[in-house]
Each structure stands twice: as structure tokens, then as C-alpha cells.
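Chain by chain, the residues run as shown.
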Amino acid sequence: MGKFNKAGGREMPELNTSSLPDLVFAFLFFIMMVTSMREVTLKVVFRAPQATELQKLEKKSLVTFLYVGEPTAEFREQMGTTPRLQLNDNFAEISEIQDYIAQEKSSMKEEDQPFMTVSIKADKETKMGLITDVKQALREAYALKISYSARPAGT
Amino acid sequence: MARKKRKTPGINGSSSADIAFMLLIFFLITTSMDTDQGLARRLPPPPQKDQEKEEMDVNKRNLMVVLINSSNQVLANNEHIDISQLKDKVKEFIENPYNDEHKPEKIETDIPFFGNMMITKNHVISLQNDRGTEYQAYIQVQNELARAYNELRDDVSMKKFGKAYIDLEEEQQEAVRVVYKQNISEAEPKNYGGTK
Numbered sequence: 001m002g003k004f005n006k007a008g009g010r011e012m013p014e015l016n017t018s019s020l021p022d023l024v025f026a027f028l029f030f031i032m033m034v035t036s037m038r039e040v041t042l043k044v045v046f047r048a049p050q051a052t053e054l055q056k057l058e059k060k061s062l063v064t065f066l067y068v069g070e071p072t073a074e075f076r077e078q079m080g081t082t083p084r085l086q087l088n089d090n091f092a093e094i095s096e097i098q099d100y101i102a103q104e105k106s107s108m109k110e111e112d113q114p115f116m117t118v119s120i121k122a123d124k125e126t127k128m129g130l131i132t133d134v135k136q137a138l139r140e141a142y143a144l145k146i147s148y149s150a151r152p153a154g155t
Numbered sequence: 156m157a158r159k160k161r162k163t164p165g166i167n168g169s170s171s172a173d174i175a176f177m178l179l180i181f182f183l184i185t186t187s188m189d190t191d192q193g194l195a196r197r198l199p200p201p202p203q204k205d206q207e208k209e210e211m212d213v214n215k216r217n218l219m220v221v222l223i224n225s226s227n228q229v230l231a232n233n234e235h236i237d238i239s240q241l242k243d244k245v246k247e248f249i250e251n252p253y254n255d256e257h258k259p260e261k262i263e264t265d266i267p268f269f270g271n272m273m274i275t276k277n278h279v280i281s282l283q284n285d286r287g288t289e290y291q292a293y294i295q296v297q298n299e300l301a302r303a304y305n306e307l308r309d310d311v312s313m314k315k316f317g318k319a320y321i322d323l324e325e326e327q328q329e330a331v332r333v334v335y336k337q338n339i340s341e342a343e344p345k346n347y348g349g350t351k
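First to last, the protein sequences are chains A and B. Here our numbering is used: the first residue of the first sequence is 1, the next is one more, and so on. Here our numbering is used: the first residue of the second sequence is 156, the next is one more, and so on.
Bear in mind the hints are in silico, worked out from the structure with no lab data behind them. Incorrect hints may have been included.
[As the list claims (entries may be wrong)] Heads up, simulated DSS-like pairs for lysine-lysine below, C-alpha to C-alpha not over 30 Å straight-line:
hint: 1; chain 1: B; residue 1: Lys-246; chain 2: A; residue 2: Lys-124
hint: 2; chain 1: B; residue 1: Lys-242; chain 2: A; residue 2: Lys-124
hint: 3; chain 1: B; residue 1: Lys-261; chain 2: A; residue 2: Lys-56
hint: 4; chain 1: B; residue 1: Lys-318; chain 2: A; residue 2: Lys-59
hint: 5; chain 1: A; residue 1: Lys-60; chain 2: B; residue 2: Lys-336
hint: 6; chain 1: B; residue 1: Lys-242; chain 2: A; residue 2: Lys-145
hint: 7; chain 1: B; residue 1: Lys-244; chain 2: A; residue 2: Lys-56
hint: 8; chain 1: A; residue 1: Lys-56; chain 2: B; residue 2: Lys-318
hint: 9; chain 1: B; residue 1: Lys-315; chain 2: B; residue 2: Lys-244
hint: 10; chain 1: B; residue 1: Lys-244; chain 2: A; residue 2: Lys-124
hint: 11; chain 1: B; residue 1: Lys-276; chain 2: A; residue 2: Lys-56
hint: 12; chain 1: A; residue 1: Lys-56; chain 2: B; residue 2: Lys-215
hint: 13; chain 1: A; residue 1: Lys-145; chain 2: B; residue 2: Lys-276
hint: 14; chain 1: B; residue 1: Lys-242; chain 2: B; residue 2: Lys-162
hint: 15; chain 1: B; residue 1: Lys-318; chain 2: A; residue 2: Lys-145
hint: 16; chain 1: A; residue 1: Lys-124; chain 2: B; residue 2: Lys-336
hint: 17; chain 1: B; residue 1: Lys-261; chain 2: B; residue 2: Lys-314
hint: 18; chain 1: A; residue 1: Lys-145; chain 2: B; residue 2: Lys-244
hint: 19; chain 1: A; residue 1: Lys-59; chain 2: B; residue 2: Lys-336
hint: 20; chain 1: A; residue 1: Lys-145; chain 2: B; residue 2: Lys-162
Model the full structure from these sequences, guided by the hints.
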């Protein structure tokens, strides 16, 4: 009786991977929801100052970013090491802020314009002189809601 | 001859996992997860040119001057203090618990939920900084000021509603904001010497 013969012994059934793409896609969509596209390439060194009383910026679409800091290593030869202002992808002068803000404002929906927030991302070693100039320019441009970008203390 | 029914062969889907992984990695690289956090502030509107410059008349006892010099030292009401003491000093100034006559006057005001209350609604904290001040020092001072207000608001919400300020209803928060109104004025920048 060949009841116990080992011929054609059992093999491990192969793991079914047909649902793997679905899993990965679900994960992909999750990542796409919770993150936002990096819009600009930083040309300035930016280390956020620390603070504890932080508020989250609510709507990403209403926020405009200004970067202030020393140029990164690759631009240091042309620009020197004095802190500079970056708007979008380029270095800019203080006088250009007003046009930039106006342009950003006009690209928003009209009902959203009063809620426009400008987030100042400045390096922690920047001197206040430059920041003050930026703030004065923002006042002139009627972009009065601002946020000093900082990171929670202890990180 | 019996004709065999032909079936279209199923598309091989074994590579779709790879494609999805590629997309996933692409998105992981190009996006950033960080939610931006910061200290929210409101700037005053620009001064009107045709308007006469209005001198704000502030009683001396209602005013607290916080000065940061170019070597990041803090001067509060002409007293050199450490940054860690600033919060308590500011809290004491805003609250004026002992009705000190050198601290802001208390004015009786009718506030929803609280009724008549004596509050120091005319107090002003004037923040001045030098052009040479470091941004980190400025943020620290702003942070301490914000912390003073937040702690005072939390205290009063705890006492009145038994909840922290952040958990209150919108109207209750508004009432608490009236009790401790944030009055931080930033002076026009001056250059007190030192290099830019």
C-alpha cells in the first residue's frame, strides 16, 4: 500500500503576492495626502530658531514663504557670506518683496486674500537689521499676518 | 475539428508592484512631511503719509519697555535681566496682582462670562531691538512674551471654566482674550550703534 509514500511530497504553497500592488498603492496615496511638494530649492542656509509657544500654520495654500540666510556653499563665491533673502527660486532684494507679495496675492482667490500669511524662515544667526527691513517691506505691502518660523525646543 | 476557444492571455501584472514602488519612492523624495510651525504675529499697518504722526499717549505706568541690544542682552524697564526671568516679570506686569501704582492701572470692564472685572487693558509692552540683534535672541524674547500671555490665559481659564485655554469654546476663548489682551508694540527700528 502506498499510503505513506513520500513521492510527490508536499511543498510550501507560494505566497500570494497579487495584492501587493494594491497595498503599495494605498501606501503611496497615504504619503501623497500627508505630504506637500517641496516647491523651492533652498539657496540659503536656514536653521530655524527654537521656541516653545508654536502655532501650526493652517492652510498651506494661504502661506507664502520668505527665506533669509547665508547663501549655500555653491553660491558663496558669487554672493559672499552676507545673509540674503530668497523669494521663490532666486535671491532677491528687499525692494522686490512688494511686487512678490502683490503677485502672490493676486494668484489667490479673492475671499482668501485677507487670510494670507507670510512665513518668515530666517536663519537663527541672522541680524535683526535685515529682518526688520523685511518686516517694514511686508507692512508696506499690506501683508500683515506673519509667522516667524521656528522649531520646537528640544529637537 | 473541434475549434478550441481562444482566450486572451491575462496581462502579466507582476511588475505593477515595482511600478508602484518606484512612484512611492519618487514621492517620498520630492515631498516633505514637515508641518511648518511658527510664532504668529500681526504687523501694524504702514503709516499713512498724509496723516500726522500720531503720538501715542501712554501713561508711564502702563508701559513696559523690553530692549534687546546688539549683544543679545535683555533690558526690561531699564533693568538688565536674564531671559529666563523675563516671563515672570512680564506676567507680573500684566497681571499687577497687588495693585502696585507703578504697574498698569486696572480698569473695570464688563466681559462676557466674567462680568465686571478689573483688568489692565491699557498696558503696552514695547519691544525694541537693535539692528545687530541676533534673530534667535529676538525669537526667544517673542517666545517668552507669548508664554507669559499663554500662562495667564491658562490660569484664568482654569479658574473660571476648569479647562485649559486651548480646550475652551470659541466664545469663551474670546472672553479670555479680552481679559488678557496681547498688546505688544514694536518700535520703529533704531540703530543704537554697533555694526550692521
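When you check the alpha-carbon spacing of Lys-56(A) and Lys-215(B), does it fall within 30 Å? violated (36 Å)
Straight-line alpha-carbon gap Lys-145(A) to Lys-162(B), limit 30 Å: With a Cα-Cα distance of about 65 Å, the restraint between Lys-145(A) and Lys-162(B) is violated, given a limit of 30 Å.
For a C-alpha distance cap of 30 Å, please report whether Lys-242(B) and Lys-145(A) respect it. holds (24 Å)
Next pair to validate is Lys-56(A) with Lys-318(B); report whether the Cα-Cα distance is within 30 Å. holds (21 Å)
Can the restraint linking Lys-246(B) and Lys-124(A) be considered satisfied, given a maximum Cα separation of 30 Å? holds (26 Å)
Against the 30 Å threshold, does the CA-CA distance of Lys-124(A) and Lys-336(B) hold or violate the hint? OK: Lys-124(A) and Lys-336(B) at ~29 Å, within 30 Å.
Can you confirm whether the C-alpha distance between Lys-145(A) and Lys-276(B) stays at or below 30 Å? holds (23 Å)
Take the C-alpha atoms of Lys-60(A) and Lys-336(B), compute the straight-line distance between them, and say whether it is at most 30 Å. The given pair, whose Cα atoms are some 28 Å apart, holds under the 30 Å limit.
Given the hint that Lys-244(B) pairs with Lys-56(A), does the C-alpha gap stay at or below 30 Å? holds (27 Å)
Hint consistency between Lys-261(B) and Lys-314(B) [alpha-carbon to alpha-carbon, up to 30 Å]: Status holds; Cα separation ~20 Å.
Would you mind confirming whether the straight-line C-alpha gap from Lys-59(A) to Lys-336(B) stays at or under 30 Å? Answer holds: Lys-59(A) to Lys-336(B) is near 25 Å, not above 30 Å.
Straight-line alpha-carbon gap Lys-276(B) to Lys-56(A), limit 30 Å: With Cα atoms ~28 Å apart, Lys-276(B) and Lys-56(A) stay inside 30 Å; holds.
In summary, the numbered hints that this structure violates are 3, 12, 14, 20.
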